[in-house]
Amino acid sequence: SQKIEQNSEALNIQEGKTATLTCNYTNYSPAYLQWYRQDPGRGPVFLLLIRENEKEKRKERLKVTFDTTLKQSLFHITASQPADSATYLCALEGSSNTGKLIFGQGTTLQVKP
Amino acid sequence: DSGVTQTPKHLITATGQRVTLRCSPRSGDLSVYWYQQSLDQGLQFLIQYYNGEERAKGNILERFSAQQFPDLHSELNLSSLELGDSALYFCASSVATSGTEQYFGPGTRLTVT
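Chains as they are written, first to last, in our numbering: chain W, -19 to 93; chain F, 230 to 342.
Check the hints yourself; a few may be wrong.
As the list claims (entries may be wrong) - Quick list of the computed label-pair ranges, beta carbon to beta carbon:
#1 R292(F) / T48(W): 35 to 45 Å
#2 N288(F) / E40(W): 16 to 26 Å
#3 A243(F) / G(-4)(W): 49 to 59 Å
Stated by the list, open to error - Below, simulated SDA-like cross-link-like pairs (lysine to any residue); rule was C-alpha separation at most 25 Å, straight line:
#4 K(-17)(W) / P299(F)
#5 K80(W) / I241(F)
#6 K(-17)(W) / Q85(W)
#7 K80(W) / Q246(F)
#8 K286(F) / N77(W)
#9 K80(W) / L268(F)
The set of hints was computed from the structure by calculation and includes no laboratory data. Just so you know, these numbers come straight off a predicted model, no measurement behind them. Idealized CB from N, CA, C, for every residue including glycine.
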């Protein structure tokens, strides 16, 4: 069955450093991969979308890579700030022309000042 | 503020009861999605509607049903409630059927006692 794995352990980094989060998947060929941020008790907030034929996408301090051979996406936050502390969710969407997203369990990032 | 509204914010009810959750999508969005988030299962896709028609279905229980009305708002009906149905229920919307970011509402926290 389809499986998405994100680091279950929290990632703790120092302010100003680059945070790198990993999303691995199996038994799936997504057409799109998305990253969302979720704060406790709130709805996920869209960050970036990357298509299967794209290798890398950037938006301000955020960068996502997508390797369909390795079945892996890396999500980077450069010059991290305490306000970046949250849970980050990876989500896959297939090519069935529906918006059905399959989410990973998320990785919690803690940026210490 | 994503522009997606959900009511009620909190709902406490007893086992065996039936509840209705309501969602209004962002202005101009035709797709509405429902997701369930529990601590052990993470964020799970339930169902998608596009312009009033069911578009995709996830592992939605038979006790659950949904619809999208002509004004594009959507309702999720949960019946014969069980303790395990306690969760956060999110509605999301997007402008297209697929390949685009989804905007999530603040969620409805359902507690079944």
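Hints, one by one, checked against the model:
{"no.": "1", "hint": "R292(F) / T48(W): 35 to 45 Å", "result": "38 Å, holds"}
{"no.": "2", "hint": "N288(F) / E40(W): 16 to 26 Å", "result": "36 Å, violated"}
{"no.": "3", "hint": "A243(F) / G(-4)(W): 49 to 59 Å", "result": "51 Å, holds"}
{"no.": "4", "hint": "K(-17)(W) / P299(F)", "result": "36 Å, violated"}
{"no.": "5", "hint": "K80(W) / I241(F)", "result": "28 Å, violated"}
{"no.": "6", "hint": "K(-17)(W) / Q85(W)", "result": "10 Å, holds"}
{"no.": "7", "hint": "K80(W) / Q246(F)", "result": "28 Å, violated"}
{"no.": "8", "hint": "K286(F) / N77(W)", "result": "13 Å, holds"}
{"no.": "9", "hint": "K80(W) / L268(F)", "result": "20 Å, holds"}
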